Amino acid sequence: MKLQGKKVIALGERDGVQGSAIAACAHSAGADVVLQTTYCFV
Amino acid sequence: MTQTLEQPVIRGVRFFLAHTPGLVRYGSKPSRDIARDVTIADAIAAHLRSYEAALAYPPNRAFLGHIHPDTLAAMPQPWFTSTAPGTRWGAHGEIMPEEEFYGVLKICDVFDLVHLEAGFVEEARAALSLHPLLTPADLERLGTGLPEADIVTQCGRSTPALPLYLRNGRLIGCMQAADEEDASLAADVLLENLTCKASAVMAMRTLLVQEQLDPLTLPYVLNSGEEAVGDRYQRGGGNLAKAVAEMCGCQAATGVDIKGFCCGPVHALTVAGSLVSARVFSQVAVVGGCALAKLGMKYRGHLQHDQPILEDVLAAVAIVVSADDGVSPRLRLDALGRHTVAAGSSQKAIFEHLVSQPLERLGLRFTDVDKYATELHNPEVTEPAGSGNVPQLNYRVIAGLAAMRKEIMPAQVPAFVATHGMPGFSPTQGHIASAVPFLGHAVDSLRDGSLQRVMLLAKGSLFLGRMTQMADGMSLLLERNTAGSSEEKKR
Amino acid sequence: MVLLGTPNAESSRLYALTVTEGDPSWAGALAGVALGLPVYHVMEEAVKTQVAPEVYEEHVALMEMVLEAGDIAQAVQEVRVQTGQSD
Numbered sequence: 534m535k536l537q538g539k540k541v542i543a544l545g546e547r548d549g550v551q552g553s554a555i556a557a558c559a560h561s562a563g564a565d566v567v568l569q570t571t572y573c574f575v
Numbered sequence: 017m018t019q020t021l022e023q024p025v026i027r028g029v030r031f032f033l034a035h036t037p038g039l040v041r042y043g044s045k046p047s048r049d050i051a052r053d054v055t056i057a058d059a060i061a062a063h064l065r066s067y068e069a070a071l072a073y074p075p076n077r078a079f080l081g082h083i084h085p086d087t088l089a090a091m092p093q094p095w096f097t098s099t100a101p102g103t104r105w106g107a108h109g110e111i112m113p114e115e116e117f118y119g120v121l122k123i124c125d126v127f128d129l130v131h132l133e134a135g136f137v138e139e140a141r142a143a144l145s146l147h148p149l150l151t152p153a154d155l156e157r158l159g160t161g162l163p164e165a166d167i168v169t170q171c172g173r174s175t176p177a178l179p180l181y182l183r184n185g186r187l188i189g190c191m192q193a194a195d196e197e198d199a200s201l202a203a204d205v206l207l208e209n210l211t212c213k214a215s216a217v218m219a220m221r222t223l224l225v226q227e228q229l230d231p232l233t234l235p236y237v238l239n240s241g242e243e244a245v246g247d248r249y250q251r252g253g254g255n256l257a258k259a260v261a262e263m264c265g266c267q268a269a270t271g272v273d274i275k276g277f278c279c280g281p282v283h284a285l286t287v288a289g290s291l292v293s294a295r296v297f298s299q300v301a302v303v304g305g306c307a308l309a310k311l312g313m314k315y316r317g318h319l320q321h322d323q324p325i326l327e328d329v330l331a332a333v334a335i336v337v338s339a340d341d342g343v344s345p346r347l348r349l350d351a352l353g354r355h356t357v358a359a360g361s362s363q364k365a366i367f368e369h370l371v372s373q374p375l376e377r378l379g380l381r382f383t384d385v386d387k388y389a390t391e392l393h394n395p396e397v398t399e400p401a402g403s404g405n406v407p408q409l410n411y412r413v414i415a416g417l418a419a420m421r422k423e424i425m426p427a428q429v430p431a432f433v434a435t436h437g438m439p440g441f442s443p444t445q446g447h448i449a450s451a452v453p454f455l456g457h458a459v460d461s462l463r464d465g466s467l468q469r470v471m472l473l474a475k476g477s478l479f480l481g482r483m484t485q486m487a488d489g490m491s492l493l494l495e496r497n498t499a500g501s502s503e504e505k506k507r
Numbered sequence: 004m005v006l007l008g009t010p011n012a013e014s015s016r017l018y019a020l021t022v023t024e025g026d027p028s029w030a031g032a033l034a035g036v037a038l039g040l041p042v043y044h045v046m047e048e049a050v051k052t053q054v055a056p057e058v059y060e061e062h063v064a065l066m067e068m069v070l071e072a073g074d075i076a077q078a079v080q081e082v083r084v085q086t087g088q089s090d
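Residue numbers (the working numbering), protein chains in the order written: chain E, 534 to 575; chain Z, 17 to 507; chain C, 4 to 90.
Don't read these hints as lab results, they were simulated from the structure. Mixed in with the good hints there might be a few duds.
As the list claims (entries may be wrong) - The list that follows gives simulated cross-link-like pairs (lysine-lysine, DSSO-like), each with its CA atoms no further than 27 Å apart: (1) E/K535 - C/K51; (2) E/K539 - C/K51; (3) Z/K45 - Z/K275; (4) Z/K422 - C/K51; (5) C/K51 - E/K540.
What the hints assert, rightly or not - Selected chain Z positions facing chain C (in silico; Cβ < 7 Å): (6) S362; (7) Q363; (8) G404; (9) V413; (10) G416; (11) R496.
Here the structure is a predicted model, which is why all the values come from computation and not from measurement. For each residue, glycine too, the CB sits at the ideal point set by N, CA and C.
So here's chain E without its partners, still in its complex pose:
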C-alpha cells in the first residue's frame, strides 16, 4: 500500500488522532488530502 500520490480522506477523532494530525502525516508521505474532519463525541 503506497500513500504517495493517493487521494486521502482523513477521519480524525478528538480523543484519538485529530484530522489535521492525520493530514500532516499523509502529506509527509506524499498523499493529497482531499477531506479532513475531526469528530467529537462528548
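Once you have looked at the hints, place chains Z and C on chain E.
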C-alpha cells in the same frame, strides 16, 4: 506576583443537578431519532430512571460532594446497580426532582412562555415552598396555571407549543415559541436557554447563600455556557449572565457571556481572576448553566445494553473568584496554559501547551501537581456508546507526556493515572464536564491541606462550529493558600 | 483511501466498516451505502513507515503510546480482510 497586583482566589463553588427524565426526549439525539421513528419514544420511556435512582447514583453523589471521586474506583461496576440510598443535598449542592424543576423554569420565565397545568402548579408550589433557596416572591411567579385542555390546544396549533412531560408521561405544561417564524425563538431553543438560565440561577443561589456572600457585593457575573441566546438578527447575542444575576439579587452587577465551547468555564475563570488581580472588581462570579441538547446523547448505547438512560440530569455550576482572603485556594495567573494558534493540533502539542509549559515556568514537575482535573465525563455513559473513557484517556496522555519527558518511567504510567487522576463522574453536560466538576473537592482539599496543587485543564472543540479546524485548550493552576496572616478576612 | 484516527478498536472497526461496506449501525447517511474505500489507521505499520519520522513523532507517537495501538491495527486489518481488500 508583583505587589501592585492582587492575588485572586477561588472563594467558593457550588453545583446544581436537576433530574429531568421527562426532558430526555428533547435532547438533540433523542429528538431527531424520535422524529424519524416515533416508537423510539417508548423505548426511551422504558429506560428512564426514577428520582431515587438518580439520587443514589454514585457519580451524581461525587458530583454533589457526598463522596470523593476517587472512591468510585473501588466501587463495583456498573455503578448504576448500587443500592445504597442517596440524599438530596450534598456538600456542594442538590439534585432536584423534575416536578420542582419545571416550577423553577416557570419562575425564571419572564415572558410567559412556559404554561403549566393548574393542578400541577399547586403540587409544584407545595414542594417548592419547602425549598430553602426560593422566596414567596418566587412562588408568586408560578401563577395559577391553565386547564389541561388549554395546554393540549396550544400543543396542537400550527406553531405548536412543545409539550412538557414527567417521566411517567403525564402532560404538565408546554413551552411556547416566542415567534412563529424566527428559528432563534423557536420553542425548543427557548426551552434550552431557559433550562440553562434556571439551572445556573439555582447553582448561583446555592453558592451565595451557603457561602454567605452578599449578592449586592457582586459587581460582575460571567456566564460560560454553550447556549445561544438571541433572535434572528443576533442569534448569539448572549449575556445570559445578567439574566442570572437579576434572579439572584445581584442588583449591583452586570455581566457578560464568555463563549469557548467546553473550554468556556476555564477561560471565564481566567478572565475573572485577571479582573480581581487588577483590582477592577473585588470579586467576580462565573456561572455555567446546563446543556439540554446533551440529554440522552448516548441513549442508543444504553438501550443496546439494556441499561438505564444515564443522561437524565441537567448540571450547572457557580463559582466566585475574589481577592486573597488568606485561606481560599490561589489562582496562579502566572501559570496559565494556553493552546495557541501556532501550537498545532496534535495531542502532544495540546498537552505540552496546557501542562508542560506552565509547569516549566514555575520550575515544577508533572508529579508536583497532586491532582489534574481534565474532562471528567462519566465513563459509564460514554463506554456503552463506543466513545471510550475520556478522563482515563486524558490522564494517560498526561502520564505519557511525563514519560516522554523522562519525568516518570513508562511502567509508572498506571500509578500516575491512579494517583494524579480520578475516575470520571460528571454528567456529559459539555462545558460543565470540563475540569470544573472537581472544583468543589479541590477547594475543600486545598483548604484543609490534603492537596497542595490542582491543575484544571479544559479543551474546546471549536471545529464543530465550522469556522476553524482548530481545537482550543486552557489550563489553570490552583494552589493551597499559605498566607493566613494580616490579609485574612473574616468569613 | 481513508485514514482513521479513532481511539479504540471498536470505533475503528465501526468507521472502517462504514467506509467500506456501509454503516453497520444502519443509522447514518452511509447506511446501506457501500463506498468500498481502502481504509487504514494512521497508527498501522503500513502507514507509519511511509510518514516522515519527525512528523509521526510530533503528531501520533504520544497517542500510539497511550492507546491500544495493536488492537486498533488488528480491528482495521480484519475489516480489510472481511471486505476483500488486498493489504
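Checking against the hints above, which ones are violated? Per hint list: single violation, 11.
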